[in-house]
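Colleague: Sequence:
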Amino acid sequence: MTVDLFAVLWVIITTTVSAMEETLMDTRVATAELGWTAYPASGWEEVSGYDENLNTIRTYQVCNVFEPSQNNWLLTTFIDRRGAQRIYVEMRFTVRDCSSIPNVPGSCKETFNLYYYETDSVIATKGTAFWMEAPYLKVDTIAADESFSQVDFGGRLMKVNTEVRSFGPLSKNGFYLAFQDYGACMSLLSVRVFYKKCPSVVQNFAIFPETMTGAESTSLVIARGICIPNSEEVDVPIKLYCNGDGEWMVPIGSCTCKAGFETDNGNVCRACPPGTFKSTQGPGLCLQCPSNSRSATEAATICICRNGYYRGDMDQPDMPCTSVPSGPRNVISVVNETSVILEWHSPRETGGREDVVYNIVCKKCRADRRTCSHCDDNVEFVPRQLGLTETRVFISNLWAHTLYSFEIQAVNGVTNKSPYPAQHVSIDITTNQAAPSIVPIMHQVSSTMKSFTLSWPQPEQPNGIILDYELRFYEKDHSEINSTVVRSETNTARVEGLRAGMVYVVQVRARTVAGFGKYSGKMCFQTLTDDDYKSELREQLPLIAGSAAAGVVFIVSLVAISIVCSRKRVYTKEAVYSDKLQHYSTGRELSLRADMSNCTSPLGCPTHFSGSPGMKIYIDPFTYEDPNEAVREFAKEIDVSTVKIEEVIGAGEFGEVYKGRLKLPGKREIYVAIKTLKAGYVEKQRRDFLSEASIMGQFDHPNIIRLEGVVTKSRPVMIVTEFMENGALDSFLRQNDGQFTVIQLVGMMRGIAAGMKYLSEMNYVHRDLAARNILVNSNLVCKVSDFGLSRYLQDDTSDPSYTSSLGGKIPVRWTAPEAIAYRKFTSASDVWSYGIVMWEVMSFGERPYWDMSNQDVINAIEQDYRLPPPMDCPSALHQLMLDCWQKDRNARPRFTDIVNTLDKMIRNPASLKQVASIPAVPSQTLLDHSIPDFNTFSSVGEWLGAIKMTQYRDNFLNSGFTSLQLVAQITSEDLLRIGVTLGGHQKKILSNVTSMRVQMSQCQSPTAVA
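Counted the way mature numbering (1 follows the signal peptide of the UniProt record, and there is no 0) counts, the sequence shown spans residues -19 to -1, 1 to 991.
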């Protein structure tokens, strides 16, 4: 229904709620014969007469009171019910008093009966009428309230009765009425047949249509309302109830005037005139526009701010428009070594608002002030850098002897609405001499019963030349007061005079001419127990005994070992391997002489062979005739009662993985990870499951996941390892994108390299080195895990990281080309995989080669393309990656070389300052998919979506950066102004902006044009 029709309806509808009656038949308006059917012919007779007002009417009368057994019927014509369910009959009649008729017989009556018959069509005519009670339905016996004794149509003595009766419910098209006289002297003056309905009405700003009453007198019929023009629903549904008397009742729901319209205390919604507004729906009146705003049209819901004035995001429409504040005033700085206190006065103009706060932009500049860059992420601002409510800030962790520029911005709730930069004041300061920053982490190099050797990286901010380091340590169960202090001029120290099997708490700090820095966080290191020491001796010196010949061999072996030690590990090029040694070839592998076939010692042949003192050689558990023997030899059986399962943390190939606790006799309770073998396994599955424990149990290194033991004598079968709180490295990095410094990331990579160095020296090839298979504990120590790639060499895996090649499953994105093509797995192929892990770490867990297919990756590598440096990746680290990805495996570095290189970087953080650049045109590196071609985008919004920064779309557009050409000129100060405050997000956007500038410059160059 249109608005115009609503308006017409409202004009013609009154607000009365009285009942309406719709007449179906009224004999009073008849001017000709009624044509009803009478039976018998001597009964009812149609005559013309007068009513009590002497108006001419058509009536039916009967007065056969002197004849016995009267049964006179009068049948109306067919009456269409017009959808009505309940019908009302109003009868006006006169009846003569029987007592006034002389000699009247006893059969005289003063009543008559009313009947109805419901039908879909006209069936009763003068020739086919039926005159008996059935099939009629009786409505009632009608009796006169008053009768008359003399007939006088002059209106003086005649007494007219009016009776109304109703019947229903009706369902057919129409009906007949029948009147039965059985001995009365009466006249039926008029008959009016009607039904009732509730009238159309406007109530609560809603129009309700005419509504028929229900089938029963107690029925309530629901009518739905429609809001009047310029109004809308408040409560739904909007309805009224029409009762049996045709009256409205029980209103439910309502409409009110829309925003921009007001009520005149009636049922009309009138538009607000210019200069006024109404922001909400409801009964309120239009209001004058607040200050600094205007409305030029009718029906305004809000007044638009004048030029230079704005409303904040949280401002209500009835609040005045305000402007941006002026800049802070009178900045004062106090420098104390590498910290500074800034104080200032409030702006002279607040823009009419009370929500003024301050942001600090920090830049580190060269001494000649030619170039400045954003301060390091570790600079601290107290109470905060952004949203300061006070006019004072304390800034620390700055570099010593460095020029800084600080910009103090005054912003309020509408600053982000203005196209102009926030008003600010700048101040330059130079920091003083200061002590070095905290040493980030320590590593244990080796351990004996009475000592251990530790190393650590140089502080990220040495603030000068490091003179020496100071370590303090004490037994964990003792107080810090009992600590011992030692000095070291290098970043490595051997702590001696310790007790066996004790845990020591160690801290370290650096010293420059400015004094000592703060101690590092507390870290725990443990000396070996007597059992550990004896185990080491057994592993280092094979026990060959039993015969004189064996004794000679034993002595010669000792001499040989002495010669090897004295010659600084000069190994021969030849080696004869046992069939239990894992075979691989590499130009830098460890060569050993060991011939198991000639072993005849009655005490058994050695299972470990030392390439150097303390070095064990890995033995493949699948070479055992009985794999259970390998489990018994390399994995300790744990009593299931010492294991407590707490919660599920994942699912492995063979069953669930749980977090739990392990409490071995005489040892403290520790958290562990528990891999289980699901029920219904076959023997091959059990053997494959426990093979990982047989492999893991041979390793003992701080960067290799530690096997605590196995449970094989009860169900379920379990492998119990140390618990790594932060889980897999790839997901951990993705969850903490941009949260770690380069030094911290290098420390993680150093730990992985150290673990792989250990494995390579044991002649173990991992084959599946990837960030998903590196676990991270609460101290950010990374440990190599997942030693079960042998199971992936079968064809029954569905892991999408692995692709079938030459009958096996290979993780293509991490695998060296010779291993993919020829299944040549060596330590050199592990080095290739390590380079991919480095890329994963520096990209915070991105997928190598992005969405390229495995075949595309293989083709690209074959064409000498390599992954580009991740964002903010130091060039030295990317170069190390490229070294790992040398096509000639003999040209790749060894893990020993990698560890040494990373140690040098940690000792000299300055070597990591130069960030690797991404070539504009790909040559030997794959085109970086994370930096898209700006030419493919038609809007700023599309570009932000491609780099996954869609959340800043409105910030860019509202601040005037509406085209890619304008975005290409954006600066870090602009990003801070428009609300991009996260350091990681700023770096990502600026990195892509830089690429955009390069692409634009290429498009404008003569070569590109040509």
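Note that these hints are calculated values from the structure, not bench results. Worth double-checking, as some hints may not be accurate.
Unchecked claim - Simulated restraints, written as ranges between beta carbons of each label pair:
| # | residue 1 | residue 2 | range |
| --- | --- | --- | --- |
| 1 | D718 | A632 | 21 to 31 Å |
| 2 | D718 | S354 | 15 to 25 Å |
| 3 | E324 | A632 | 52 to 62 Å |
| 4 | W831 | N760 | 26 to 36 Å |
Note that CB positions come from ideal geometry on N, CA and C, so glycine has one too.
Colleague: For each hint, tell me whether it holds in the structure or not.
Modeller: Cross-check of the supplied hints:
The hint said 21 to 31 Å for the Cβ distance between D718 and A632, and at roughly 26 Å that hint holds. Judged by the Cβ atoms, the range 15 to 25 Å given for D718 and S354 holds: they are separated by roughly 21 Å. Distance hint check for E324 and A632: the Cβ-Cβ separation is about 58 Å, which falls inside the suggested range of 52 to 62 Å. Look at W831 against N760: about 32 Å separates their beta carbons, and that is inside 26 to 36 Å.
Checked against the numbered hints listed earlier, the structure breaks none of them; every hint is satisfied.
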